[in-house]
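Q: If you want the building blocks of each chain, they are given just below.
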Amino acid sequence: MTEQRKTKDRQTQSSVPAVDWFRLDNAAKIYPPARSRYWSPMFRLSADLSEEIDTELLKSALGHTLARLPSFSCRLRKGFFWYYLERVEGAPDILPDVSNPMTYFNVKENKNFLFRVRCCGSKLAVEFFHVVTDGSGGMTFLLTLIAEYVRLRYGVTVPQSGHVLSCDDPPKAEEYEDSFLKYARKETMSRGERPAYHLPGAAMPPFEVSYISGAVPTELLQRAARERDASVTEFITALLIQIIAELQTAERSRAKRKMPVKVSVPVDLRRFYPTKTLRNFSSYVNPGIETRLGEHSLEEILVQVKSFMKSQITEKQLNARFSENVATERIRILRATPLFVKDPLLKAFYNMQGDRYVSTTLSNLGLVEVPEELRRYVKQLEFVLGPSKKKGCLSTCVSYAGNTRFVFTRTFEGAQIEREFFCRLVKLGIPVKIESNRR
Amino acid sequence: MSYCVHCGVELDDRENMCPLCRTPVIDPWRVENAGLKPEVRLSSEQPEKTFNKRLFVLLVGVLLLIPLLTVVIVNLATTHTLTWALYVLGSEICFWAVFILPINRSGRTPYLYIAVDTIVVALLLFMIYLENRETGWFFPLALPVTCMSGFVVGLLFVIWRSKRTLKIRKTGWSVLVIACLLVALDLTITHYIKAAVNLTWSWYAALPLLVISIVLLAVSFNRRACEWLRKNLFM
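Chains as they are written, first to last, in numbering that gives the first Met the number 0: chain A, 0 to 438; chain B, 0 to 234.
With the rest of the complex left out, here is chain A:
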């Protein structure tokens, strides 16, 4: 197909009627009230490409990608009762990369788009406001953008598979459906939990953040997990719990020493439902240990984490959890309350409850497979969570091309968790290569 023909097709397809606005999904509803000048719930996905990026071509690729994925071309608006997303035309500017990404996000400075595209040399990064999508949807956007860029730059057509969508196809309605509403059932489950221990620390100045990333060979990490009869997520969750529990023993307050240590592990719900949505559709489980019962070895923690995750990560359990949230959203009095009343109440609720029940977060995007045609151009992938309001340290990991990349986000001084985590991997015979943003 010639270039002219393709452009013509794309123009025809972009004229496919798309919704002008849509409601926020269930998970996104809390984020707009909770954000502030000093904090926005964000995450970042980046890729190191094989050559320096041509920003003009990237702009064109971004335009085509937005025409294909219209759920990303939207701005946040206030209705009388709820926030909603409204379609916007055009594309955001390509911004230079910074050393402290995701610490500050002003949508007005970004042409009202709820994601930012950054570029520096061969590195391409997209930062998403969590209202628009989750990690899986974000990865689809990034890889589709890269595939389109590769097509424009090298003339290589990347076949559609996994996270890569073809920009020649028209937008699909199921890609911007609210799957929470679609799959929620009447049976719910209370979210009641004990508050978890939070590591103390001196907060960094506003708009400063530390990102420490460590790359390890995926095969060795998988082997270390397999030796303990666990998955990689279970193994690293247990390792994190053990490290935090050890640091908790140094706590002076007796009450704090007795609090449980729990790690929030997001779960992609797309595994359980036949959905193609690119909007938020994930839940979480909070495995942990009761440190007041005594010192736990890694093996003991692993037993608990494995059994907890096995029992909790089932369709029924997860459905009951998110159905509870959907049921809350459907409460009539809450729906009928004007936004100017709801807004401060939701903000106060998030500030008090948002991070209370977990010590930290470990978000594992898993192994990302890309088509062979694209693998030549993408050297590595990285997934970073933006700073949390209360949790001083968050972690992510993503595996690609034989490497697993962990990134620790921290807004507290020091690097105790990161140091312990990577040193333990080294002691297990797994080499780690470290990089940071605070040079």
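Since the hints were derived computationally from the structure, they do not count as laboratory data. Only a predicted model underlies this, so the values are computations on that prediction, with no experimental measurement involved. Just so you know, not all the hints are guaranteed correct.
To be verified - If you want the ones that stay clear, here's a sample from chain B, every Cβ over 10 Å from chain A, calculated: (1) 18; (2) 41; (3) 101; (4) 128; (5) 139; (6) 143; (7) 155; (8) 162; (9) 225.
As the list claims (entries may be wrong) - With a cut-off of at most 20 Å between alpha-carbon atoms, the simulated SDA-like pairs for lysine to any residue come out as follows: (10) A:426 / B:13; (11) A:389 / A:193; (12) A:432 / B:54; (13) A:432 / B:16; (14) A:432 / B:23; (15) A:341 / A:325.
Stated by the list, open to error - Quick look at which bits of chain A chain B covers, simulated, 3 or more residues with Cβ under 8 Å: (16) 91-105; (17) 205-217; (18) 420-428.
Idealized CB from N, CA, C, for every residue including glycine.
Following the hints, put chain B in place on chain A, whose structure we already have.
A: Below, chain B without anything else, positioned relative to chain A:
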């Protein structure tokens, strides 16, 4: 390739110290081995410091409400009708419109605010006039003076907002406008007091201002004179 001697992790070539334990990287071969691409130093993103105008305007509004409510209550309690409390109400509205409202302006032209200010001042004077009608001063005196002042302020904004005009020429036009205002004020006041149309005091101020404005405008249209002034009077 460097390793941290404490943590045992490999460090990226751009790291000067281990990010985990802050141990410095000492590699005597580093300079010789530096066949690497020069590192792109990323700048740190900081938001511009902003002043929450909306909140400030709201806060001042609430603060102004307190004395207003107090005087209204006291006035009603003592005289069973609103009399002198109206002066406070009018003054507060004036203060709000003149000083506070423009703070919250975002991209709007100042002409709207000048018009609002003129109307608000005229209304305040009219309210005072309603309480004090003996001499019939509002329509022949207060209203024309308020309108003229508002018009002149608007004209000065037009002059000073033009981007291409030289400052000296802007000053010349401004001085001329002020001279005209003085003459107009003199005529209005004299007409009100003596029922005659003649100039009294404004001669003394308007004539020198007229001369100054003519000089400034003449200089501004002469490039050499302008250059001479710039050369000799720069600060």
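Q: Each hint: holds or not?
A: Results for each hint:
no.	hint	verdict
1	18	violated (3 Å)
2	41	violated (4 Å)
3	101	holds (21 Å)
4	128	holds (41 Å)
5	139	holds (49 Å)
6	143	holds (44 Å)
7	155	holds (32 Å)
8	162	holds (25 Å)
9	225	holds (41 Å)
10	A:426 / B:13	violated (24 Å)
11	A:389 / A:193	holds (16 Å)
12	A:432 / B:54	violated (48 Å)
13	A:432 / B:16	holds (13 Å)
14	A:432 / B:23	holds (16 Å)
15	A:341 / A:325	holds (16 Å)
16	91-105	holds (count 9)
17	205-217	holds (count 5)
18	420-428	holds (count 4)
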